[in-house]
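Trainee: Kindly generate the complete structure, drawing on both the sequences and the hints.
Each chain, letter by letter, is given below.
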Amino acid sequence: MVGLVVAAHGRLAEELVSTAEQIVGELPAVATCNIEPGTPVEDLRAKMKQAVARVDEGSGVIILADLFGGTPCKESLMMCQRMNVEVLAGVNLPMLLKANSLRSEQLSLPEMANQLASHGQRNITCASALLREAQQPRT
Amino acid sequence: MITLVRVDNRLIHGQVVEAWLPFLKVARVVVADDEAASSPLIRAAMALAVQSAIEVQILPLSQVDFAALSKDGVRTLVLLRDVASVPFAHAHGLALDELNLGNVHFGTGRRQVSPSVFLAEAELTTLQQLADQGVRVAARAVPAEKPVDLPDLRERWAKAG
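Chain order of the listed sequences is F and W.
Residue numbering for the first sequence follows the UniProt record's numbering, starting at 1 and increasing by one per position.
Residue numbering for the second sequence follows the UniProt record's numbering, starting at 1 and increasing by one per position.
Hints may be right or wrong, so weigh each one.
Over 10 Å on every C-beta distance to chain W, these chain F residues come out as not near it, computed from the model [said to hold, decoys possible]:
{"id": "1", "residue": "M1"}
{"id": "2", "residue": "P40"}
{"id": "3", "residue": "V41"}
{"id": "4", "residue": "G58"}
{"id": "5", "residue": "G60"}
{"id": "6", "residue": "F68"}
{"id": "7", "residue": "K74"}
{"id": "8", "residue": "M78"}
{"id": "9", "residue": "G90"}
{"id": "10", "residue": "N114"}
{"id": "11", "residue": "R122"}
Derived pair list, reagent style DSBU-like, types lysine-lysine, alpha-carbon separation capped at 35 Å [claimed, not checked]:
{"id": "12", "chain 1": "W", "residue 1": "K71", "chain 2": "F", "residue 2": "K49"}
{"id": "13", "chain 1": "W", "residue 1": "K71", "chain 2": "F", "residue 2": "K98"}
{"id": "14", "chain 1": "W", "residue 1": "K159", "chain 2": "F", "residue 2": "K98"}
{"id": "15", "chain 1": "W", "residue 1": "K146", "chain 2": "F", "residue 2": "K47"}
For the record, the hints were derived by calculation from the structure and aren't laboratory data.
Since this is a predicted model, take the numbers as computed values, not measurements.
Just so it is clear, CB atoms sit at the ideal spot from N, CA and C, and this is done for glycine as well.
Mentor: Structure, rendered in structure tokens:
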């Protein structure tokens, strides 16, 4: 199974995983990295490595980071070079839920990462506009 | 064909859309609830939440043809807002092998029997009557959870007093 690491500023990573588990139940092979203010980069790097190692079962790991260019993303990108790791920036709840369900399909790691990026974007919609459209009479 | 009957105050929401629908692989969701059926806004919002390949019907409880739903070949999830609706549906032809308690919210006079289920004494009595008729009653918010069967729910209810 592909491992998942959610890495984000503050407690976002932990809360995203906790919320996903409220919705679909316990998520296997998932780790979180909270980046608190003032954490030295060396400590963060070590935490990231530990998180990846903890969930790596041999099929690779996808790191879901919050901000492109942010520290969690940058440190994740450094690991891409040496490990079987893909990095997504802009993690959201639909993306995390989809990551869990996609793991049961036979996708390569890069393919899974690309599908997740699309899914995360596709699920950002103006919900109220969709509702208005749904209530329009058909012409 | 009834695949599952679920009591859930929230009817169609995240746990149903993200967990139960993929798990059950149903082709139809029927919400039997007067309040939801009476609001075009709620009906539209609920229908939007479900992928378009799955049919969504939102009807007042008394207008659902439970007997027909039970007899045809379409895999169906039936959602009811409260425990009190279950005997009515059952009496009107709903095939009921198993009753899933998802979210029954806290309220005055209710006691907690699982993380997301709070029951009043009258509801516990209703559930026992259903169980006496052969229905397997269990609390289970999401498929990944282990179900908590009625004897355990009853025991927890008694202890919570």
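Trainee: Against this structure, judge whether each hint is valid.
Mentor: Here is how each hint holds up against the structure:
With a minimum CB-CB distance of about 15 Å to chain W, M1 of chain F clears the 10 Å threshold, and the non-interface call stands. Every C-beta of chain W lies more than 10 Å from that of P40 of chain F, the closest at about 37 Å, which supports listing it as non-interface. With a least CB separation of 36 Å from chain W, V41 of chain F remains clear of the 10 Å interface cut-off, as annotated. No Cβ of chain W approaches the Cβ of G58 of chain F within 10 Å, the least distance being about 23 Å, so the stated non-interface status holds.
Consistency note on G60 of chain F: stated as away from chain W, and its beta-carbon is indeed over 10 Å from all of that chain's, at 23 Å minimum. Taking the minimum C-beta to C-beta distance to chain W, about 26 Å, the non-interface status of F68 of chain F holds against the 10 Å cut. No Cβ of chain W comes within 10 Å of the Cβ of K74 of chain F; the nearest lies about 31 Å off, and the non-interface call holds. The Cβ of M78 of chain F sits about 33 Å from the closest Cβ of chain W, beyond the 10 Å cut-off, so the non-interface label holds.
Chain W leaves G90 of chain F outside its interface by the beta-carbon criterion, the shortest separation being 20 Å against a cut-off of 10 Å. N114 of chain F, annotated as away from the interface, keeps every beta carbon of chain W farther than 10 Å; the closest lies near 21 Å. The claim that R122 of chain F lies off the interface holds: its Cβ sits roughly 12 Å from the closest Cβ of chain W, which is beyond the 10 Å cut-off. For the hint pairing K71 of chain W with K49 of chain F, the CA-to-CA distance comes to about 55 Å; that exceeds 35 Å, so the pair is violated.
Distance hint between K71 of chain W and K98 of chain F is fulfilled; the C-alpha atoms sit about 34 Å from each other, no more than 35 Å. Taking the CA atoms of K159 of chain W and K98 of chain F, the gap is near 39 Å; set against the 35 Å cutoff, the hint is violated. Pair hint K146 of chain W plus K47 of chain F holds up; C-alpha atoms about 32 Å apart against a cutoff of 35 Å.
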